[in-house]
Amino acid sequence: EAGVAQSPRYKIIEKRQSVAFWCNPISGHATLYWYQQILGQGPKLLIQFQNNGVVDDSQLPKDRFSAERLKGVDSTLKIQPAKLEDSAVYLCASSLRTGTSKRDEQFFGPGTRLTVL
Amino acid sequence: GESVGLHLPTLSVQEGDNSIINCAYSNSASDYFIWYKQESGKGPQFIIDIRSNMDKRQGQRVTVLLNKTVKHLSLQIAATQPGDSAVYFCAEISPSSNTGKLIFGQGTTLQVKP
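Just so you know, the protein sequences line up as chains A and B, in that order. Numbering-wise (my numbering), the first sequence opens with residue 1 and increments by one. Numbering-wise (my numbering), the second sequence opens with residue 1001 and increments by one.
Certain hints may be false.
[What the hints assert, rightly or not] Calculated pairs, BS3-like style, for lysine-lysine (alpha carbon to alpha carbon, straight line, at most 25 Å):
| id | chain 1 | residue 1 | chain 2 | residue 2 |
| --- | --- | --- | --- | --- |
| 1 | A | K62 | B | K1101 |
| 2 | A | K44 | A | K83 |
| 3 | A | K78 | B | K1042 |
Hints in this document: simulated from the structure, not taken from any laboratory.
Chain A with its partners taken away, still in its complex shape:
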């Protein structure tokens, strides 16, 4: 079974530029997550989709970050404009989750490492 795919793997941009990341979840997974992982820290949830609807975006900096999941499959996360503090690894994860069960394993992609200069 193919895992969660992300691209690009690495991206270097200057501050105030825009950038977009792409994620393809595991086939059949209803729920998709974007996390931000700053160096030396654990991942922090930015946004969670169930099918193509947002269920949690409470920690997404909405003035500069946006995400969409058209057709309930692939997703893109965009930052515009980027700041120095956005330098991090952006992880995408997916899970079967269709209800409220807590035991719903999340499968993570390899992440995109973003460096903002």
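Assemble chain B onto chain A, guided by the hints.
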């Protein structure tokens, strides 16, 4: 607010020894915990989970212990191997969320010396 944290940022062990990685949490309502392993350049990978109605759960070479009295859990790795070198995170499902939101701790780097 909710938080999970690890006691030591780095743990160095000899190959073949047992490793113990500790984690503390703050919310007594937390009832589901997960340990993840993250190798360099990869995303976190599920290792083992435990619910609050259990004190101990065992997997292959790994054991998780939960002490609800002091809000502490640990991950024990038996006969540590070089392939176990990674960053280990404890995480909890936020008890205040009905969406399965994961809250991660900061991670402990396990270094296995040959």
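We went through each hint and held it up to the structure:
no., hint, result
1, A/K62 - B/K1101, "holds (19 Å)"
2, A/K44 - A/K83, "holds (18 Å)"
3, A/K78 - B/K1042, "holds (21 Å)"
The structure agrees with every numbered hint stated previously.
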